[in-house]
Amino acid sequence: GYTWWYINYDTGADGWSVEEYLKKSVVVVPPPGGSTQIQESIVINGVTRTYTVVVPTVLPTTPHPLAFYFHGGPSGANAPGNSGLITLVENNGWFLVYPQAQATTNNTWESGSWGPTGSTPFLGTNDFTLVETLINNLAARYPINKAQVFGLGFSNGGHFVHRLACQRSTLLRGVVSAGASRSLAADQEGCPGTPLPFLIMNGTAEEDSSPYNCATPTTGCMTRGGPFIGAVQTAEKWAAINGCPIISVD
2 GYTWWYINYD TGADGWSVEE YLKKSVVVVP PPGGSTQIQE SIVINGVTRT YTVVVPTVLP
62 TTPHPLAFYF HGGPSGANAP GNSGLITLVE NNGWFLVYPQ AQATTNNTWE SGSWGPTGST
122 PFLGTNDFTL VETLINNLAA RYPINKAQVF GLGFSNGGHF VHRLACQRST LLRGVVSAGA
182 SRSLAADQEG CPGTPLPFLI MNGTAEEDSS PYNCATPTTG CMTRGGPFIG AVQTAEKWAA
242 INGCPIISVD
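To get my numbering, take the position in the sequence shown, counting from 1, and add 1.
Hints are supplied without guarantee of correctness; some may be wrong.
Cross-link-like lysine to any residue pairs, in silico, SDA-like; alpha carbons within 20 Å at most [to be verified]:
1) K147 with N137
2) K238 with G204
3) K147 with E133
4) K147 with L172
5) K147 with P196
6) K147 with T62
Computed beta-carbon distance windows for the label pairs [stated by the list, open to error]:
7) S120 with T219: 16 to 22 Å
8) P75 with Y143: 36 to 42 Å
9) A104 with N138: 18 to 24 Å
10) Y143 with S120: 37 to 43 Å
11) P75 with G191: 36 to 42 Å
12) A140 with A216: 28 to 34 Å
13) A216 with I43: 41 to 47 Å
14) S120 with E41: 33 to 39 Å
15) T217 with G191: 15 to 21 Å
Just so you know, these hints were derived from the structure itself, not from any lab. Ideal Cβ placement from N, Cα and C applies to all residues, glycine included.
Turn these sequences into a full structure, and let the hints steer you where they fit.
Take a look at the structure:
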């Protein structure tokens, strides 16, 4: 079974799906349907990073939202059609970007999870720089509303959006994580950012990567990616940051 938490500091609780959550977060007038996928690369701190951009076939005449999708690790970037989010482009005029994690970090994001060494958390800032650079780069080329940028992540990508939302909250309007709680290392960094709407989805059979309910959140519960706090504790943390109670629906 799944428990969905919708933690939103400004519009209250609602049992939305990921797509509904994004659509209801902003109201835009979509252009005609269709989309184009473009594979590109960019150099970040001396490292070439690749990504796929999905743009409406007919560009909107007004600025529209941008969504990042961060893949799980240590796999590669998912094909845009596999996530189902491409409908946001074709039906609503959004822009999507699917970045690839660094090969030097075993195709995992700098989320605070352990890397190939098995005992050292990835806590660099190259991925933060990638996100900020892509926002500015894409907004300079397409009609993108930089005040409506969303971060979505699955598994290790979800671990990363928890850290991104804490450490670079001013870049984002809202966040979605699936199958991911906060790593202990990221949790110990603290969360100096501002409140953000957050949709968290975790299953109860993902203990090897994202514990559902960690009995020892101060020291973390061990997974194959290192110690993590639980999904329940992650939701509680974001509820406190956003100044609202948890609404739990089984």
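Okay, the hints, checked on the actual structure:
For the hint linking K147 to N137, the alpha-carbon distance of about 8 Å falls within 20 Å, and the restraint holds. A distance of roughly 18 Å separates the Cα atoms of K238 and G204; the hinted pair therefore holds under the 20 Å criterion. Annotation: proposed proximity of K147 to E133 holds, straight-line Cα distance about 10 Å (limit 20 Å). Between K147 and L172, the direct Cα distance comes to roughly 8 Å. Compliance with the 20 Å bound is thereby established for this hinted pair.
Proximity of K147 to P196 is assessed by CA-CA distance (about 17 Å); at most 20 Å being required, the pair is judged to hold. Proposed proximity of K147 and T62 is supported: the alpha carbons are some 15 Å apart, at most 20 Å. A beta carbon spacing of about 19 Å between S120 and T219 agrees with the range 16 to 22 Å that was offered as a hint. Between P75 and Y143 the CB atoms are about 30 Å apart, so this pair departs from the stated range of 36 to 42 Å.
Between A104 and N138 the beta carbon distance is about 21 Å. The supplied range of 18 to 24 Å therefore holds. Taken as a hint, the range 37 to 43 Å holds for the pair Y143 and S120, whose Cβ atoms sit roughly 42 Å apart. Between P75 and G191 the beta carbon distance is about 27 Å. The supplied range of 36 to 42 Å is therefore violated. Taking 28 to 34 Å as the suggested C-beta distance range, the pair A140 and A216 does not conform, at roughly 44 Å.
At about 43 Å, the beta-carbon gap between A216 and I43 stays in the expected band of 41 to 47 Å. Checked against the hint of 33 to 39 Å, the pair S120 and E41 passes, with Cβ atoms roughly 35 Å apart. A hinted range of 15 to 21 Å holds for the C-beta pair T217 and G191, which are about 19 Å apart.
Hint compliance for this structure: hints 8, 11 and 12 are not met, and every other hint is.
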